[in-house]
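Residue-level listing of the chains:
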Amino acid sequence: KAGVTQTPRYLIKTRGQQVTLSCSPISGHRSVSWYQQTPGQGLQFLFEYFSETQRNKGNFPGRFSGRQFSNSRSEMNVSTLELGDSALYLCASSLEGGGHTEAFFGQGTRLTVV
Amino acid sequence: AQSVTQLGSHVSVSEGALVLLRCNYSSSVPPYLFWYVQYPNQGLQLLLKYTSAATLVKGINGFEAEFKKSETSFHLTKPSAHMSDAAEYFCADGSGNTGKLIFGQGTTLQVKP
Chain A
1 KAGVTQTPRY LIKTRGQQVT LSCSPISGHR SVSWYQQTPG QGLQFLFEYF
51 SETQRNKGNF PGRFSGRQFS NSRSEMNVST LELGDSALYL CASSLEGGGH
101 TEAFFGQGTR LTVV
Chain B
1 AQSVTQLGSH VSVSEGALVL LRCNYSSSVP PYLFWYVQYP NQGLQLLLKY
51 TSAATLVKGI NGFEAEFKKS ETSFHLTKPS AHMSDAAEYF CADGSGNTGK
101 LIFGQGTTLQ VKP
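Line by line, the protein sequences give chains A and B. Number 1 in my numbering belongs to position 1 of the first sequence; there are no gaps in the numbering. Number 83 in my numbering belongs to position 83 of the second sequence; there are no gaps in the numbering.
Treat the hints as calculated values from the structure; they're not laboratory data. Glycine residues also receive a C-beta, built at the ideal position from the N, C-alpha and C atoms. Among the clues, some could well be false.
[What the hints assert, rightly or not] Each pair of labels, with its calculated beta carbon distance range:
hint: 1; chain 1: B; residue 1: Q42; chain 2: A; residue 2: R55; range: 45 to 53 Å
hint: 2; chain 1: B; residue 1: P40; chain 2: A; residue 2: R15; range: 20 to 28 Å
hint: 3; chain 1: B; residue 1: L7; chain 2: A; residue 2: G16; range: 39 to 47 Å
hint: 4; chain 1: A; residue 1: K57; chain 2: B; residue 2: Q42; range: 46 to 54 Å
If we strip away everything but chain A, and leave its shape as in the complex, we get (with noise of 0.2 Å):
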């Protein structure tokens, strides 16, 4: 059974650019979660997606934002990019999602922003 599979694995953006990363879950699992990993505040939830609706989010700005298609692989887009977005984007796939089932996690896309 293939993993998480998140593309592309290193991006350098310059600040203002916006960007899209991309996440293949699981085959069969409808949840796709996404954190942000940086060396200063650890990993933070960003949103949930189940079946093509965002289930939860977190305490990000409006620039982050994400889908998820009927295929059930999401996207995750960052505008009006900042020096701060540098980091470590992590994909999470589940069966059920919402944190009481197991999450398997994708290598990550490493953003740098300059």
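Fit chain B to the known structure of chain A by using the hints.
Below, chain B alone, put in the same frame as chain A:
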């Protein structure tokens, strides 16, 4: 607010020694607790999860964790450390109704030869 505390941001042990990584949770409802490991430039790999079926949970790579409600703890142990265990370890709680995992700050395990 729900929180997870990992005592010790860095733990150093000798190869073959006992590994003990500490985790305390704050949830007042039955917790859903997990331990993850992260190797450099990698995502998180699930080591084990607490399901309330047993207080001692066995995971992969020889790790296990004991749930102690009275101490609100879920410490991770391994009897004998290997060099390959050097990584960062995260404890997480998914018990809230927010749909997210609350992570501890992580503990970096160093294994000395």
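Verification of the supplied hints:
| no. | hint | in the structure |
| --- | --- | --- |
| 1 | B:Q42 - A:R55: 45 to 53 Å | violated (27 Å) |
| 2 | B:P40 - A:R15: 20 to 28 Å | holds (27 Å) |
| 3 | B:L7 - A:G16: 39 to 47 Å | holds (41 Å) |
| 4 | A:K57 - B:Q42: 46 to 54 Å | violated (26 Å) |
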